[in-house]
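**Student:** So you can see what is in the structure, the chains are spelled out below.
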Amino acid sequence: MTKQKVAVVGYGNDLRGDDGIGIVAVRKIREFIKDTNVDTYEYHQLSIEVLPLLCRYDKIIFIDCSTDIAHAEVRCYQIQPDNNITLTMTHHLMPEQILQLIETLYNKTPIVYVCKIGGRVFDFGCEISQEVLASTPKIIKCCMELIENTVQ
Amino acid sequence: MTTKKKTKKRSSELTKEESMPKELVIEPVTRIEGHGKVTIFLDQNNEVKDARFAVTQFRGFERFVEGRPFTEMPSIVERICGICPVSHSLAASKACDAILGVRIPNPAIKIRRLLNCGEFIQSHALSFFHLSSPDLLLGFDSNPAERNIVGVIKANPEIAKSGIRLRQIGGHIVEWLGKKRVHPAWVVPGGVNEPLSVEHRDMMLKEIPEALEIIQKTLRFFKGIIEDFRNEIRTFGNFPSMFLGLVDANGNWEITDGYLRFIDSRGHIVADMVEPSRYKEFIGEAVEEFSYLKSPYYKPLGYPKGMYRVGPLARLNVCNGFSTPLANREWAEFRDLERGPVLSSFYNHYARLIEILAVIELEEQLLNDPEILDPHIRAHASVNELEGVGCVEAPRGTLFHHYRVSKEGLMQWANMIVATGNNNLAINQSVLQVAQHYVKGDEITEPMINRIEAVIRAYDPCLSCSTHALGKMPLQITLKDCAGRIIKEVVRT
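Protein chains in written order, with my numbering: chain A, 501 to 652; chain B, 3 to 495.
If you're looking for bench data, these hints aren't it; they were derived computationally from the structure. Idealized CB from N, CA, C, for every residue including glycine. Some clues are possibly wrong.
Examples of chain A residues lying across from chain B (beta carbon under 10 Å, computed) [what the hints assert, rightly or not]:
1. His-544
2. Ile-548
3. Val-550
4. Leu-551
5. Pro-552
6. Gln-600
7. Leu-646
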């Protein structure tokens, strides 16, 4: 059986406090990965030109900061394509939209997970709040489990 | 659709309310970079009397850089824009080179040109494939809910994929040189930060055949559908004006170095081989109270008579040709559209595709030049001049950065004239022309709004750049009576 190709994508603005945690996390994860079938990427934001790259993967894990959940809370879950995309611009896409566009344009159906950390501090600066930083091991563990396919 | 045109009355027959001029305002303008507003003024007979395109953002980069070391300028001004940071860093670095009083090493000149190629590819691809193709592929009158990139993806996935791939290829050049796709902070005063590696050169070369194939295919496709847009060609900024662009020492198309050339509306060269540092002799800057966007004009003709256009159409109009074979052939065909300069701003879309072809060819030439790998990429000096001007062609048009510094190298004054500013008078004129053609009565219809937006989009304006403001991109259209009362308003988010 061919081994799955996995992409781990950390994204966010590393000049805006907690928003940079996706970048920080993916850099840490890179240190742990030995498997050549796993690639890591850092993006300021998800724009449409990531599609030709990400469509090559069987599994994609997005790591991002979120304001929808409690400060420093970590949530990892599988997402489904967003069938109701109404993009007028292509500067910034959500993972659900990425998945939808990969399916529509490239006829591929990767399994996509989102790992979120709740952020609160988004001021100018590279510093990430202590609470969010303290949650980083949890998100790394979660991602590594997803990579190893141990989490459903 | 548009309302039935009312029978005209004489002014003396009108009631007080009827005699008031009206304004139609479009805000925000969509599928552009930034936040714009259009106001259309109707006269007593509901005929379009005037139109204004206003930029409602303000950020003030020119002021807050005062006091900073000039060496920081390339990195600071990159933050003006997420689409064309490279243009700002190149113009800033060239202004800083002048302050250092150095001539940067040849490999650095070449590698900066290569970087500009990357930005042109990705920015022009965004404009054509993602912002304008919904109108071009689906039609200006198509269902607005589907007239977007998703609609394009459904209608013509191959075109959508081509656009995405070209964006990626252009982005790769920027990313592989500058280590970051956005705000790479790699161009520095005196040259660049790091040489091009063999590995990245080879990776770039590998992508060229596919990029060439995509753009040639797209050009053939566009030339095949262009006749469907006769009305838009006729009314989208189709008027005589001057044009400005950079040319090389032979008068050929140039985007990173070179000299200023102005031509008049009949194609006669009125100023040529002008060193960009002399821009103030030729360009004046007017300010209108309704917009944060400045209105530059050709000084010898005064304001507003000295309206000129910059950008892809202008560059193809001012040059004698291209120094690369495929683009030169396309240019010759393009210039056959009219006897003199090609006047309709609609043709910016066509010109943009030819420019993508040109920069891909130029990229190939640069990458095959062994000097591109030379590690001698930076000249070092301290402050030798207290003033410097940097000028490049940004994808949207000619960009000037002008700095004055103290002896210690601290910024004392800055002036930036960006492409969208250079086009401000022409955009206003174009909006008026479209409004006069499509606006009938005091109704705001969707096809009308879309055409007003589309003529603005033809210039691919970057409002974030033009006011150096933080960009979102919606547009508002408002219709007002002569007393300033809003009678209709449409807001797009």
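**Student:** Now look at each hint and say whether the structure bears it out.
**Tutor:** Hint check results:
A distance limit of 10 Å between C-beta atoms decides the matter here; for A/His-544 the minimum to chain B is near 5 Å, and the interface restraint holds. Residue-level restraint check for A/Ile-548 holds (minimum Cβ-Cβ distance to chain B is 5 Å; threshold 10 Å). Taking 10 Å as the C-beta contact cut-off toward chain B, the hint placing A/Val-550 at the interface holds, the least distance being around 8 Å. The closest approach between the C-beta of A/Leu-551 and any C-beta of chain B is roughly 6 Å, which is under the 10 Å cut-off, so the hint is satisfied.
Hint status for A/Pro-552 relative to chain B: holds, with the closest Cβ pair at about 5 Å, below 10 Å. Hint on A/Gln-600 holds. Least Cβ distance to chain B is approximately 9 Å, under the 10 Å limit. For A/Leu-646, the shortest C-beta to C-beta distance to chain B is roughly 26 Å, which exceeds 10 Å, and the interface hint is violated.
Going through the hint list in order, the structure does not satisfy hint 7, though it satisfies all others.
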